[in-house]
Amino acid sequence: MTVKGKKVGIYLCAKGAADAIDFYKKAFGATETGARIRDPQNRIGHAEFMIGDSLIMIADEHPEMGFLSPQSLGGSPVHLMVHVDDASAVFAQALAAGATSQRTLADQFYGERSGQLQDPFGFVWTVSQHIEDVSHAEMEKRAKALYD
Amino acid sequence: MTNTREAETVRVSIDLAVDPLAAFVAFTDDVDQWWARGPKNRFRAPWVGIMRFKPGPHGRLIEIYDDETNDHFEVGHITAWEPGQRLAFTWRIPNFAPDEITHVEIRFEPIDSGTRVTLEHRGWEALCPDHPARHGLTGTAFRMMHSGWWADHLVAIRKHLEGVEP
Amino acid sequence: MPAISLDTTLMALADPTRRLVINALHQQPRRAGELVAMTSISAPAMSRHLKILRTCGLIAEQTVEHDARVRLYHLRPEAFVDLQGWLDEVQSFWADQLDAFKVHVEGKHK
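Each protein sequence line maps, in turn, to chains L, Y and E. Residue numbers for the first sequence follow my numbering, so the first one is 575 and each next one is one higher. Residue numbers for the second sequence follow my numbering, so the first one is 177 and each next one is one higher. Residue numbers for the third sequence follow my numbering, so the first one is 410 and each next one is one higher.
The set of hints was computed from the structure by calculation and includes no laboratory data. Where is the CB? At the ideal position from N, CA and C, for every residue including glycine. Worth double-checking, as some hints may not be accurate.
Per label pair, the in silico range of CB-to-CB distance [unchecked claim]:
1. E:T426 - L:H704: 30 to 40 Å
2. L:Q615 - Y:R220: 30 to 40 Å
3. E:P425 - L:A663: 35 to 45 Å
4. L:M631 - Y:E285: 23 to 33 Å
5. E:R480 - Y:N179: 43 to 53 Å
6. Y:R228 - E:H513: 35 to 45 Å
7. Y:K230 - L:H653: 53 to 63 Å
8. E:D476 - Y:T180: 53 to 63 Å
9. E:V473 - Y:R228: 38 to 48 Å
10. Y:P222 - E:G442: 53 to 63 Å
11. E:Q471 - Y:A193: 29 to 39 Å
Residues from chain Y that keep clear of chain L, each with C-beta distances beyond 12 Å, as calculated [what the hints assert, rightly or not]:
12. D195
13. P270
14. K335
The calculated lysine to aspartate or glutamate pairs, modelled on DMTMM-like cross-linking and capped at a C-alpha distance of 20 Å, are [to be verified]:
15. E:K460 - Y:D208
16. Y:K335 - L:E622
17. L:K715 - L:E686
18. L:K599 - Y:D206
19. E:K460 - E:E470
20. Y:K335 - Y:E250
21. Y:K230 - E:D476
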């Protein structure tokens, strides 16, 4: 059946949400849009920021609610992808802000220049830039050459 | 385990791109410009009065409906007026009994990018669990609802400042 | 106006434009327009500085009798009392220190 949804949102759980917001500002030029709601232990219960046109929500860990970060869970199976105009610049900026490279930036056969990094809070990001329109036939040819 | 008082203490913060004095002035002097109108945000019909902080020995936060007839609602009186650092006032809405009172405190703290404004609203435990101001909510649920209300107001201050010529 | 702390006064005076305004109002009460003309600060920026000085209690505004639209700003001398008191304290501390220093230096050269 068709799900009549409107939008899929991203909600991150971080160990140190305030530091994470600072990191995303430095790494990806995030701008904070909401106010930070805090609980009696002064943990961030809710905060919001934008990267480009995308809204991302974030909160501190709340173990009593089972709300745990990748650091507590031993990694995150969900990868985030950020599409940018200048992947080299953004990749370098994210590394300078404290991310670690997992896959160096390279031109991919499907027309993207992309690389993968892990941020200090355990989230994995693919930084990607569109560099070339590749036809279906050309993509098949290149994939064959690459994997056969 | 947190007690009711703690569980219901609202704490919301926002970072503003101006210095603490300018943030304080925006909060107080410009209050009517950023405080949203309407039944959800204002105190009495027709929900479009003029919000005003009146500093002074009898300083108050009021919503004025008619200056000529002195028709107004007093939200509370100012208990701390420290420009650039701290502002505090008592808080009651029309459905509070005369002896029911809560407290709002706002701190202005310099940070690299400007000012961190942290608002705390305390004292809700003085209100009975079925008080109309609670909209049927107590404890964490009440805090979350009321935190969202203040969060919207703080975001409105940021938007207001973005519209002001630097 | 509640008592204003020394911190607030010093924060308000930490800006050169606001000190210019204080100097100008020290001579006589003035309208915002006059202050703009005297300082080459834009009208909106001046308005913001005046708001800050007013909120901090260093200046106050009054309307003039013949025209309710005209707002005249003037200094509130009481706002400077604490500042003066603090400066006096610091001054007396240094006066004592300088006296002691004088005795020390003169003792060495005897």
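Okay, the hints, checked on the actual structure:
A hinted range of 30 to 40 Å for the beta carbons of T426 (chain E) and H704 (chain L) is inconsistent with their spacing of about 48 Å. Our hint of 30 to 40 Å for Q615 (chain L) and R220 (chain Y) holds, since their Cβ atoms are close to 36 Å apart. Distance hint check: the CB atoms of P425 (chain E) and A663 (chain L) are about 38 Å apart, consistent with the given range 35 to 45 Å. M631 (chain L) and E285 (chain Y) have their C-beta atoms about 24 Å apart, which keeps the hinted 23 to 33 Å range intact.
For the pair R480 (chain E) and N179 (chain Y), the beta carbons lie near 50 Å from each other, so the given range of 43 to 53 Å is met. Range check, R228 (chain Y) to H513 (chain E): Cβ separation about 59 Å, and the 35 to 45 Å hint is violated. Between K230 (chain Y) and H653 (chain L) the C-beta distance comes to about 54 Å, which sits within the given range of 53 to 63 Å. Between D476 (chain E) and T180 (chain Y) the C-beta distance comes to about 56 Å, which sits within the given range of 53 to 63 Å.
Judged by the Cβ atoms, the range 38 to 48 Å given for V473 (chain E) and R228 (chain Y) is violated: they are separated by roughly 23 Å. With their beta carbons about 36 Å apart, P222 (chain Y) and G442 (chain E) fall outside the hinted range of 53 to 63 Å. Between Q471 (chain E) and A193 (chain Y) the CB atoms are about 33 Å apart, so this pair conforms to the stated range of 29 to 39 Å. With 12 Å as the threshold on Cβ separation, the claim that D195 (chain Y) sits away from chain L holds: the shortest Cβ distance comes to roughly 18 Å.
Under the 12 Å C-beta cut-off, the non-interface status given to P270 (chain Y) relative to chain L holds; the minimum distance is some 26 Å. For K335 (chain Y), the shortest C-beta to C-beta distance to chain L comes to about 10 Å, within the 12 Å cut-off, and the non-interface label is violated. Of the supplied pair hints, the one linking K460 (chain E) and D208 (chain Y) holds, its CA atoms being roughly 15 Å apart against a limit of 20 Å. Proximity of K335 (chain Y) to E622 (chain L) is assessed by CA-CA distance (about 15 Å); at most 20 Å being required, the pair is judged to hold.
Between the alpha carbons of K715 (chain L) and E686 (chain L) the distance comes to roughly 16 Å, so the proposed pair stays at or under 20 Å and holds. Proposed proximity of K599 (chain L) and D206 (chain Y) is contradicted: the alpha carbons are some 29 Å apart, above 20 Å. As the CA atoms of K460 (chain E) and E470 (chain E) are separated by approximately 10 Å, the hinted pair is consistent with the 20 Å bound. Distance check on the hinted pair: K335 (chain Y) and E250 (chain Y) sit about 26 Å apart at the alpha-carbon level, beyond 20 Å; violated.
The straight-line distance between the Cα atoms of K230 (chain Y) and D476 (chain E) is roughly 23 Å, outside the 20 Å bound, and the hint therefore fails.
When each numbered hint is compared with the structure, violations occur for hints 1, 6, 9, 10, 14, 18, 20 and 21.
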